[in-house]
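Asker: Taken in order, these protein sequences are the chains called A and B.
My numbering numbers the first residue of the first sequence as 1 and each following residue consecutively.
My numbering numbers the first residue of the second sequence as 1001 and each following residue consecutively.
No wet-lab data here; the hints were simulated from the structure.
Where hints are given, some of them may not hold.
[What the hints assert, rightly or not] Pairwise CB distance ranges, derived in the manner of DEER restraints:
hint : chain 1 : residue 1 : chain 2 : residue 2 : range
1    : B       : Gln-1046  : A       : Thr-97    : 57 to 63 Å
2    : A       : Glu-385   : B       : Leu-1017  : 30 to 36 Å
3    : A       : Gly-199   : B       : Asp-1055  : 34 to 40 Å
[Stated by the list, open to error] In silico lysine to aspartate or glutamate, EDC-like type, Cα no more than 16 Å apart, as pairs:
hint : chain 1 : residue 1 : chain 2 : residue 2
4    : A       : Lys-53    : A       : Asp-166
5    : A       : Lys-137   : A       : Glu-96
6    : A       : Lys-53    : B       : Asp-1053
7    : A       : Lys-291   : A       : Glu-249
8    : A       : Lys-53    : B       : Asp-1055
9    : A       : Lys-51    : B       : Asp-1064
10   : A       : Lys-53    : B       : Asp-1031
[Claimed, not checked] Part of the chain A face toward chain B, derived, beta carbon under 10 Å:
hint : residue
11   : Gln-63
12   : Trp-66
13   : Asp-69
14   : Arg-174
15   : Ala-290
16   : Gly-296
17   : Phe-328
18   : Leu-373
19   : Ser-377
Ideal Cβ positions, reconstructed from N, Cα and C, are used throughout, including at glycine.
Next come the chains, spelled out residue by residue.
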Amino acid sequence: MSDSYVIIGDGIAGASAAETLREEAPDAEITVLTDEGESLYNRILIKEYAKGKLPEAPISIHQESWYDDHDVDLRLNTVVVDIDVENDAVHTHEGETFEYDSLLLAVGGTPQQLPVGNADAEGIHHFWTFQDARNIKESVEDAERAVIVGAGLLGIDFAAICGAQDVEAKYLMRGDNWWRYALSEEGAEIMHEAMRERGVEPVFDSGVDRFEVDDDGHVEAAVDPNGERYECDFAGVAIGLNFNTELVEDTPIETEDGIVVDEFMRTNVDNVYAAGDITTFNDLILGERAKNGSWGSAKEQGTIAARNMLDYGSDEFEWVSSYSITHFDFPFLSFGHPTLGDDSVEATTAEGEWRRVALKDGKVVGGVLIGDLSPQSAFKQLMREGRDVTGQEDLLMEPGFSVDDLAAATEQQ
Amino acid sequence: MSLRETNRSMRLRRTGLIPSDTRVRHYDELDEEAQATVRELAGRPQTAPEADDLDDGDVVKFTDYYEVRAR
């Protein structure tokens, strides 16, 4: 009798696990359960669809025929309501039971709603799924004015969507610059100017105290904590994710801001694994538990999880993630953990080019590049090698920086 | 190393038209070698060895949309 594998979630983490399992275990029974109504699509391109720049078809990655061709049992619109780790089974909302030898949880997260009045009004959007993108595109096309909330990597997608669709927007931020945990004012100002050029006005030391709605329950304004009122036909909220851990609340599976896994993507239950946004993983490079929501990280975690489901201990997750913003005529890239560390160096390296590198105990743990991404590979290499750059931090700010520029004394510690 | 062992070279041509049957890749999906090639070629009239992670006819989303031409 062949081994059976159940995967909950058909995002890139779950799908890459299914692909790996099929490649490496041709006889395995593989079932993929997803609460979404469509199979794997490209989550990092749905913002381009919402901007009106891409048709729907290229967003799809796996047609449903892919699952038939690879003998994977795909169940769409299927909500898992219970995991029984004692009996190796999951139960769905329709009363079906799927037994497993090994289970992968790739259940991701759900966008957080603002804890303010009328936060669920019509016209207020969150952005996570392809269906969200369709709803946003339709709503933005009818809008003239918008409000955006959430000064981070997801919020700026709303700014780009409004800019691309010629919607005047106010981008309400709690602090005095965009993504203030990773950028100084100098670096953020490059992003602010790009927003302004597209008709999106950053509003600092603001936020939302409440939304106001019309008689039909549609949003018509946001009021910030200072009492300023911003009229809008559309609001985009991107303040973070709630990780979907409620599914394991009644199980012994350990959680800590997600599902805790080791470097092999295994939970504290021997035959249960997790991958993707949902994981709090043992980051071998950082030397502590970490989270990461990037596409590349999720794909790699799915692959690593699958290999260890087949042969525990066979492959470790060791990855330097990166995430780019390509909405403007200059590139932006964050890598590693730019909001962590105990020190940092930053510099403007040319007009419109800025970089910041976060350091912990003298080692690079992350950073941000604006305009010039050429040192991306060098900084990632420093992270992978754990190089101590103490005393040579300024070299990291040199245009054309190469790992070879560092003295030999900084070789791998 | 993911550069192909062929003599083909590639360049990127800016494009505004994305047919429905095109494979579109975002910069973040590419491996590090292909990312380096995209950074090198985007917006510049030059060629580089063909990257393994990109095929002729692919469209890459970077600071613009670029069609991959491999010859």
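Asker: Hint by hint, which ones does this structure get wrong, listed from lowest number up?
Answerer: Hints 2, 5, 6, 7, 8, 10, 11, 12, 13, 14 and 15 contradicted; others consistent.
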